[in-house]
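Q: So you can see what is in the structure, the chains are spelled out below.
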Amino acid sequence: GAVVSQHPSWVICKSGTSVKIECRSLDFQATTMFWYRQFPKQSLMLMATSNEGSKATYEQGVEKDKFLINHASLTLSTLTVTSAHPEDSSFYICSASRGLSGGHNEQFFGPGTRLTVL
Amino acid sequence: AQKVTQAQTEISVVEKEDVTLDCVYETRDTTYYLFWYKQPPSGELVFLIRRNSFDEQNEISGRYSWNFQKSTSSFNFTITASQVVDSAVYFCALSERGANNLFFGTGTRLTVIP
Numbered sequence: 001g002a003v004v005s006q007h008p009s010w011v012i013c014k015s016g017t018s019v020k021i022e023c024r025s026l027d028f029q030a031t032t033m034f035w036y037r038q039f040p041k042q043s044l045m046l047m048a049t050s051n052e053g054s055k056a057t058y059e060q061g062v063e064k065d066k067f068l069i070n071h072a073s074l075t076l077s078t079l080t081v082t083s084a085h086p087e088d089s090s091f092y093i094c095s096a097s098r099g100l101s102g103g104h105n106e107q108f109f110g111p112g113t114r115l116t117v118l
Numbered sequence: 119a120q121k122v123t124q125a126q127t128e129i130s131v132v133e134k135e136d137v138t139l140d141c142v143y144e145t146r147d148t149t150y151y152l153f154w155y156k157q158p159p160s161g162e163l164v165f166l167i168r169r170n171s172f173d174e175q176n177e178i179s180g181r182y183s184w185n186f187q188k189s190t191s192s193f194n195f196t197i198t199a200s201q202v203v204d205s206a207v208y209f210c211a212l213s214e215r216g217a218n219n220l221f222f223g224t225g226t227r228l229t230v231i232p
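Heads up: the protein sequence lines correspond to chains Y and D, in order.
The numbering of the first sequence is the numbering used here, which starts it at 1 and goes up by one.
The numbering of the second sequence is the numbering used here, which starts it at 119 and goes up by one.
Keep in mind that the hints were calculated from the coordinates and are not lab data.
Since this is a predicted model, take the numbers as computed values, not measurements.
Don't take each hint at face value.
Chain D side only, calculated, beta carbon under 8 Å to chain Y, not exhaustive [stated by the list, open to error]:
hint	residue
1	Phe-209
2	Asn-219
3	Leu-220
4	Phe-222
5	Gly-223
Computed cross-link-like contacts, BS3-like style, restricted to lysine-lysine with a CA-CA straight-line distance of at most 27 Å [what the hints assert, rightly or not]:
hint	chain 1	residue 1	chain 2	residue 2
6	D	Lys-188	D	Lys-121
7	Y	Lys-41	D	Lys-156
8	Y	Lys-41	D	Lys-134
9	D	Lys-121	D	Lys-156
10	Y	Lys-20	Y	Lys-64
11	D	Lys-134	Y	Lys-64
We treat Cβ as the ideally placed atom computed from N, Cα and C, and that holds for glycine.
Work out the full structure: start from the sequences and follow the hints.
A: Written out as structure tokens, the structure reads:
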């Protein structure tokens, strides 16, 4: 149990276009979902936390107008990178938690989406 | 403030050797959680262990073992009889009670040479 999927697994797009990444919890209801970004050979950095039905909470330095997060249901969260630029190229990873307090409840990670912006 | 330090950036060992990955953490909270994750070349994070701050018992799972010492704020991970399939980046992470996010260390890239 506790499987999280992401779609697409990789995407290449032109600069200036928008890209949507989906994160789904397949066999459980995810009250909280998290979006991380990982640059090559670096650690995971939390971008934002979203609770179902409410606005996402963004970490300092993350532009909420550029990285749109929607958590419309208990099994789906989407991250849209708007007007993507080459510096947005990264590995985006989502995770899902059953509880509201993510740290206390285990986070289950998706397989990640590799975004390349040309 | 939370902080997780993995001082070893890269480690190479020959197959069947034992290897220990170090993790030192900082937190002001008395209740917190520590994690280890494995990230193979495919990129997907694999959960290995979660330990809460009140449980200092060491744990062994097959070839994996973890040594949690609050006195030194360390949560080290040992792989015995390493195998090529153990080659990956290993992340130590910390979360405080009530906090939403996991704070990851910078990771240790382990290469097991056949």
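Q: Does each hint fit the structure? Answer for all of them.
A: Structure-based check of each hint:
1. This hint holds: Phe-209/D has a C-beta 7 Å from the nearest C-beta of chain Y, less than the 8 Å allowed.
2. Given hint, Asn-219/D at the interface with chain Y, holds; its Cβ is 4 Å from that chain's nearest Cβ, closer than 8 Å.
3. Interface restraint check: Leu-220/D against chain Y, minimum CB-CB distance 6 Å, threshold 8 Å, status holds.
4. Below 8 Å, beta-carbon pairs count as interface contacts, and Phe-222/D has one with chain Y at about 5 Å; its hint therefore holds.
5. Hint on Gly-223/D holds. Least Cβ distance to chain Y is approximately 7 Å, under the 8 Å limit.
6. Of the pairs offered as hints, the one joining Lys-188/D and Lys-121/D holds, with about 15 Å between alpha carbons and a cut-off of 27 Å not exceeded.
7. For the proposed pair Lys-41/Y and Lys-156/D, the alpha carbon gap of about 14 Å is at most 27 Å, so the pair holds.
8. Of the pairs offered as hints, the one joining Lys-41/Y and Lys-134/D holds, with about 26 Å between alpha carbons and a cut-off of 27 Å not exceeded.
9. A threshold of 27 Å between alpha carbons decides the hint, and for Lys-121/D with Lys-156/D the separation of about 19 Å falls inside it, so the pair holds.
10. With a CA separation close to 14 Å, the supplied pair Lys-20/Y and Lys-64/Y stays within the 27 Å bound.
11. Taking the CA atoms of Lys-134/D and Lys-64/Y, the gap is near 48 Å; set against the 27 Å cutoff, the hint is violated.
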